[in-house]
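Visitor: Listed here are the chains, written in short residue letters.
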Amino acid sequence: MSAISELSSITRRKGKVTPEEKKANRRDNKAAYIFLLPWLVGLVAITIGPMLMSLYLSFTDYNLLQPPEWTGLHNFTRMLSDARLHNSLRVTFTYVLIGVPLQLGVALLIALVLDKGLRGLPFYRSVFYLPSLLGGSVAVAILWKQIFGTTGLVNQVLAMFGIQGPGWISDPSTALGSIILLHVWTFGAPMIIFLAGLRQIPNMYYEAAKVDGATTLQQFWRITLPMLSPIIFFNLVLQIIGSFQSFTQAFIVSGGNGGPSDSTMFFTLYLYQKGFGQFDMGYASAMAWVLLLIIGVFTAINFIASKYWVFYDD
Amino acid sequence: MTTKLETLPARDKKSSGARKPTNHRKPRESRGTLAFSRAQRTKGLIKHAILILAGALMIYPLLWMVVSSLRPNELIFRDPGLWLNSLEMSNYTSGWSALTHPFGHYMINSAIVVIGSILGNLISCSMAAYAFARLQFTAKKLFFGIMLLTIMLPFHVVIVPQYILFSQIGWVNTFWPLIVPKLLATDAFFVFLMVQFIRGIPKELDEAARIDGAGHPRIFLRVILPLMVPALATTTIFTFIWTWNDFFGALIYLTDPDMFTVPVALRAFVDSQSATSWGSLFAMSIVSLLPVFLVFLFGQRFLIKGIATTGIK
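Just so you know, the protein sequences line up as chains A and B, in that order. Just so we're aligned, residue 1 is where the first sequence starts under our numbering, counting upward by one. Just so we're aligned, residue 1001 is where the second sequence starts under our numbering, counting upward by one.
No wet-lab data here; the hints were simulated from the structure. Yeah, the Cβ is synthetic: ideal placement off N, Cα and C, and Gly gets one too. Among the clues, some could well be false.
Stated by the list, open to error - Label pairs and their calculated CB-CB ranges:
(1) A:L80 x B:G1044: 56 to 62 Å
(2) A:T215 x B:A1214: 58 to 64 Å
(3) A:A209 x B:L1294: 40 to 46 Å
(4) A:I163 x B:E1074: 18 to 24 Å
(5) B:E1074 x A:V41: 54 to 60 Å
(6) A:L158 x B:A1039: 36 to 42 Å
(7) A:N257 x B:G1044: 35 to 41 Å
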C-alpha cells in the first residue's frame, strides 16, 4: 500500500520546506550521508551506473570479447523483424494478462471467505500462504514438470476417471497454461494483503447496510469493493511488475529452452538466451530497456486508470 | 510494538473516530433468533468445507512430492495417492551423491550466500532507513523517491552491465556478486520496511538520548536498533527465503560446479537425469525446500506482518 502512496505524496508535497526543516538541514547533513553511504554507493555502482551503461550498450554491438561497437538503432530495428521476440512478447503478455487477474481473483475470493473471524483462520491462512513462499523455487518448478508431465500426477488422476490427458507441458497449446496455473497457485501473498485490507474496513458500514436491508452481494459491491480498491490497485501494480520479470518457472519447466516450440519462451528467457547464451550483450541490453519501457507503460496505464475505479475515502 | 506495523493509519483514525455513534446498534445484533443462528451455522459449515477442499487441493502436490520421494521410482508414475507401503530411503541416499559433490556441499554454498546477504541487508538497510526516517538532509525527498522507484526496477535492466562489471573484477564464480549488492542496500524493499517501522518509534526516545549527549551513531545503535528487532527479524526471514531460492543470479554468476548453490545444483540435476529418476530428484527437492519450510513454521508471524505492511511477496 504505502510504497505507492508515499511516492505520490512526495510529488504532491514537492518544494515546500519549512524554516524548521531548513534549520535541521544544517545539522544532519554529514551524519545523514554517512548513514546513507552504503546505499548511495549501491545506487551509483549497482543500479544507476549499470542502467546508463545498459542504455549505452543497447546502441552497440557487444560480445564481451571485442569492445562495444556503436551501431545506432540497429538493435531496435532488429527487434522489429525478430519473430521469436514477437512470440516471446505474446507469451509474456498472455502470462501477465491472464495469470495476474486470475491469481488476484482467487486471492480476493479466499480472503473474503477467510475474513470475519472464521474459526481456524490462522491454520487456513498458513495452508494457503505456504505455496507462495515455495512457488519461486527450482524445487517446485521440478515438481510442476512432473505433475503436468505425460505420466504425471494430473494425468494419473484423470486416468482414474478414464480420461487420457495430454502431455501438458510437452504440448505447445497447454504448456503456458500449466505455468500460469503455477502462478495462480502462489496466490497466498496477495491474499494476506487483502486480508489486512479487509480488516481495515469499519464494521459500521456493514451494520448500517444491514439495517437498510442490503443483501450480501450488495454489501460486497457497494462497501467491500470500493473500500478495498486501493489494495486491489496496489496488488495489481506489484503483481504486474513482478510477473513481467518471471523467469525461473518457465526456465526449469521448459529445460531452459522455452519449448515446446517456443510456447513458454518468456521475454526474460529470450533475453537470457541472447545475453548469456549467445553473448549478444547489445541486443540483450536493448531488450532489457524495452522490458523496462513496457513495465513503465503498464504501470502508467494502471495509475491513470486508477482514477476511475480506485476509491480513496480520505 | 506489533500494532506499529499495521498499514493505513489514515483510515484507522477515521474508523475509530466514527465508531462511537454506532454503539447503539450493537444490542440489535446479539438479539439473533434461533433460526438465524442455525442458518448461520450451516453457512459456516459450508464455508469450512469449501476451505478444507481448496486447502487440500493447494497442498496436495507438495504432500505427494514428499510421499513420492519415499517410494520406489516406478510408483511415481502410477500412484497418485498418498498411502505409503514402506519407507524407501534409497532416493535420498542416491540423490545426495548424484552430482559432482555431495548435496551438502551445495547447501553449504547456499548457506554462505544466505548468511552474507542477511548480514549485508541488516547493516546497510537499517543505516539507510535511519537516515530516511530520522535525519533531515539535502535532497532527502529526491533520494527517498529514487529509493522507492528502485523497488520496482526490473533486475534485467541492470544485469548485463552488472555482469560485465563483476566479470572484469574477476568475481564470476565467486559469491561476491550475490552478496556485495546486499551490503550496498540494493534490496530497497527492506529500507522501506525499516523506514516504516522506525517512524513508529516515539521520537521522544531519540531526543532523550540526545539530551544525554548521544550522537547519531549512538542513538542508532543504542536506541533505534534494539527497538526495531521485529523489522530486522522480518528482513532476516525474507532475505533468507529469497536468497535461498534465488535462481537467476546464481545461474548467471556461478558456472563452476564447485560454487553451485542449491537452485543451480538442482537445475544441473534435472538436466543430467533421464526421466526415470524422479524419486531422487524429488528427494533433493524436498531437502532444498526444508530450510524454507522450517523458517515458515517458526517465522510465520513476521512473514505475515511483513507482507501485510509493505506488500512484499
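Visitor: All hints are to be evaluated individually against the structure, with a verdict given for each.
Guide: Structure-based check of each hint:
1. A:L80 x B:G1044: 56 to 62 Å: Distance hint for L80 (chain A), G1044 (chain B) holds at roughly 58 Å.
2. A:T215 x B:A1214: 58 to 64 Å: Because 60 Å falls inside the window, the suggested range holds.
3. A:A209 x B:L1294: 40 to 46 Å: holds, 44 Å
4. A:I163 x B:E1074: 18 to 24 Å: holds, 22 Å
5. B:E1074 x A:V41: 54 to 60 Å: holds, 56 Å
6. A:L158 x B:A1039: 36 to 42 Å: holds, 38 Å
7. A:N257 x B:G1044: 35 to 41 Å: Cβ of N257 (chain A) to Cβ of G1044 (chain B): about 50 Å, so the range 35 to 41 Å is violated.
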